[in-house]
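Q: As a plain string of letters, each chain reads:
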Amino acid sequence: MKPLHEFTEELYRCIRCGSCTAVCPIFSVEKREMSVARGRLRLVREHLAGNLDLTPKMRDYLDLCLGCRACVVSCPPQVPTDKIIRAARAHFAIKKGQPLVRHILLKNVLVKPKHFTLVLDSLKLARRTGVNRLLPKTLKTKEDILPQLPKNTFRELLKGIELKKSDKKVGFFLSCMDNNVYPQVLRAAINILEKLDYEVVIPTKVVCCGAAHDNYGDVENARKLAWQNIEAFSATGVDVILTDCATCGSTMQSYGELFQGKSEEAEALSFVSKVMDINQFLSDKLPSVSECAETTVTYHDPCHLVRYQNVREAPRKVLESAGVNFKEMAEADRCCGGGGTFNIFHYDISMKILDRKIENVKQTGASVLATSCPACRIQLEHGIKRHGLTIEVLHPIEVLEKSYLKEGGVPKIEIR
Amino acid sequence: MLEKSFVHSLQQCVGRENVLTDKEDIICYSYDPTPNHQIPEAVVIPGTIEEISQVVMLANQAGIPITPRGGGSNICGNSIPIKGGIVLAMHRFDRIIEIDTANLCAVVQAGVITADFQRQVEALGLFYPPDPQASSMSMLGGNVATNAGGPRGFKYGVTRDYVLGFKMVLADGRILKMGGKTVKNVTGYDLTKLFVGSEGTLGIFTELILRLIPLPESKRTMLAVFDDLLDAARTVSGVIAAKIIPTTLEFMDREAMRLIEAYVPCGLPVDAAAAILIEVDGSERDVPVQIKQVEEVCRQFGAREIRIATTEAESNQIWAGRKAAFSSMAKSAPTLYVEDVTVPRSKIPDIVKTITDLAAKYQLKIPILGHAGDGNMHPIILTDENNHDEIKRVKLAIDEMFKAALELGGTLSGEHGIGLDKVKFMEWELGETGIDVMRKIKHALDPRNIMNSNKVLPAEAVE
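So the protein lines, in turn, are chains A and B. Numbering-wise, my numbering puts 237 at position 237 of the first sequence, and it's gapless, one number per residue. Numbering-wise, my numbering puts 11 at position 11 of the second sequence, and it's gapless, one number per residue.
Don't read these hints as lab results, they were simulated from the structure. Beta carbons are placed, not taken as given, at the ideal position from N, Cα and C, and that holds for glycine. Any given hint could be a false lead.
[To be verified] A short list of chain B residues far from chain A (calculated; beta carbon distances all over 12 Å):
(1) 5
(2) 20
(3) 22
(4) 82
(5) 94
(6) 137
(7) 283
(8) 311
(9) 327
(10) 333
(11) 338
(12) 360
(13) 384
(14) 406
(15) 445
[Unchecked claim] Straight-line Cα separation of at most 25 Å, BS3-like style, residue types lysine-lysine; simulated pairs:
(16) 142(A) x 159(A)
(17) 2(A) x 4(B)
(18) 4(B) x 95(A)
(19) 23(B) x 96(A)
(20) 442(B) x 31(A)
(21) 4(B) x 57(A)
(22) 31(A) x 403(B)
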């Protein structure tokens, strides 16, 4: 990963045309120059030129970015603002350390899968006993973002699952979010892959992909986690590593950059070449369906899939194969405002961005909203609750599973 | 530095959270797309016309300069607070107050984004034609202040042709209301025409009454390719002589097409001298007839190739190159000088030749785009602000380019405005008398010279 001062040339490529102001979700709410790529790049540039200190205010402005990459895509000279912001956060972390809450999150909670589960278990307990109701209002609002948590994590369930054996093997990455919050998505993925006659190899030694560490400039831990994942898969000998989480997918695909110029780079790049989103893997392996079911489904593009991995058509194809009535929403690829923990740290701004998304969902009349990232899903479910709607949020693979398991209406899977 | 007591008064006008003075904040209001920059002393973000009036009154009393800022997307240096003072950011004025379908007009606040407004009126089958390149980030107030144009200007006119009336805050803080919802209005002097295009030097627009027209039913796009610039220019005149007014006559020279093709290959003929993207619009019945006529004219004047889009996808394909033009140039050089010299339509080959010669003479890359229908050329100088030697040559080339445009009976600026960058050429075009009359107007309305000072008119020897 390039240190901040090596981005000088890119910083000077910003021609200040303002194209980013037209697409930035934060700017659409804040409407101030400090809240958009053009301003943030200027702040970083002035800091590197020695005209601006690393003040708390500057940290706030650097934090106030969802990393959705909308500005990068629309930028005429294609300044890599997302990378510059991450490098600036890393620079800040080195010079000034991390804020306390983030420090705990990055260094303690997210470094071991068990720790993350423990935190969520405590939340479950608090909810069961009603202790969570004692939280001050500002914290309670944030706690409400997290959905009902399942009784068992996927890791627990996995112990009772006998995985099918086959010559065709694919690796599967256990995302922390799906493991803890949406184990049913992982279950659906295995069901579908096994129906297609694949053996699903799930190494349990994997850890957090390091998205939050990468995002908030904790490069050291990001590398540690990345290396554990690379090792966990190298032992399995699979050629394909699938994930149902857009964020994990894009983070794992950036491992090459993380180890740039290091001795581990070659192995990291070989790992990267195997990582693939499940939608993309399945999109050319499913039968096409002619009849349309009654369910109307719309799709929200996670930033980490559509702009980081360039996967736009595949999830739509998966939904098509499920035989549902697909209805495209307006601004489907506009960020939902979730941003991992952004919704917790910047609740009000996040909700304004979410409201626009939910309005677009509502306009389609869909009863199912599909999306391919658990972080988006948490945010979207919160939005639906907030607006008093009854739309179900599912991963495309769950929509597929439901349609295949439905009696009578099962389009037969033919292996190609 | 502004005095504490003055900042305090500003805060009392607009609220503490709407006055920015921290360095991290004011730095972000120091720039626009031109290479100029200057950090203001404060940024004020008013929410009502009364607040602006009070702020301006305070500034006028204290002699503090004010620079109004809309979307910050102008390309003449208009948003630069060159004398420090206050930047007045207009983004809270973001309400479309009314779209009046009976009177075919709309009442909007000045901070509404141009493209947002267009989407809303088009959903009602209406049309607001001015389409500056920056429409997805520019504000209508800024468009009015710079009298913005765009590719559709030839057929539909420019922003001025759609302003029926406005509210503005004058340099002494008084509120001026002009015009209304009527198309006809000859009451008194036509101040609307005077203030539209005044580039923030005479006051701050806060509310606009804009004329709308019915949205054309249909459109068709084509690309005509030429081996000779003269043929391309004659074709433009030929189309107009055939009494067809296309919506768009977008000119691209070879250098521009090469850059675009290198950036996104979209099938532009890089060996041709020029291509013209032509679009006609009108009723379902009219459009096929028009496009046929245009095709005949193109053939008659020696187009080597003509591509007519038959589907929306093909039309998008033709547009893809033109739309990527600016990006392709921004990607190829760190600094762009985007000019808009404009000449009588018949002189297009002369100005294109002048620019091409200047590029060779000063060893510069100057691809040319242009709105051929109205002779509005966009030579874009690709350079690097850190290469001081090259910047010197850029400045010399610009001087000569403007001189040539004026000699051809043209003008310094077709649609971008004068701002900071072209002030020194004003006397060439206007002469002493022209400058004097404009100065008298400025003095009468802004005696303390606080409103966007040093823009449009050259500073006087003694202020």
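Q: Run every hint past the structure and note whether it holds.
A: Consistency of the hints with the structure:
1. 5: holds, 24 Å
2. 20: violated, 8 Å
3. 22: Incorrect as stated: the minimum Cβ-Cβ distance to chain A is 6 Å, not above 12 Å.
4. 82: Since the minimum Cβ distance to chain A is about 16 Å, residue 82(B) lies beyond 12 Å and the statement holds.
5. 94: Violated, because the least Cβ-Cβ distance between residue 94(B) and chain A comes to about 8 Å, which does not exceed 12 Å.
6. 137: Its Cβ does come within 12 Å of chain A, the nearest being 4 Å, so this is violated.
7. 283: holds, 29 Å
8. 311: holds, 19 Å
9. 327: violated, 4 Å
10. 333: Label violated. Min Cβ-Cβ 9 Å, cutoff 12 Å.
11. 338: violated, 9 Å
12. 360: For residue 360(B), whose nearest Cβ neighbour in chain A is about 25 Å away, the distance exceeds 12 Å, so it holds.
13. 384: Given a closest Cβ separation of 9 Å, the condition is violated.
14. 406: holds, 28 Å
15. 445: Check passes; 29 Å lies beyond 12 Å.
16. 142(A) x 159(A): The given pair, whose Cα atoms are some 33 Å apart, is violated under the 25 Å limit.
17. 2(A) x 4(B): violated, 42 Å
18. 4(B) x 95(A): violated, 33 Å
19. 23(B) x 96(A): holds, 19 Å
20. 442(B) x 31(A): Roughly 32 Å between the alpha carbons, so the hint for residue 442(B) and residue 31(A) is violated.
21. 4(B) x 57(A): holds, 21 Å
22. 31(A) x 403(B): violated, 41 Å
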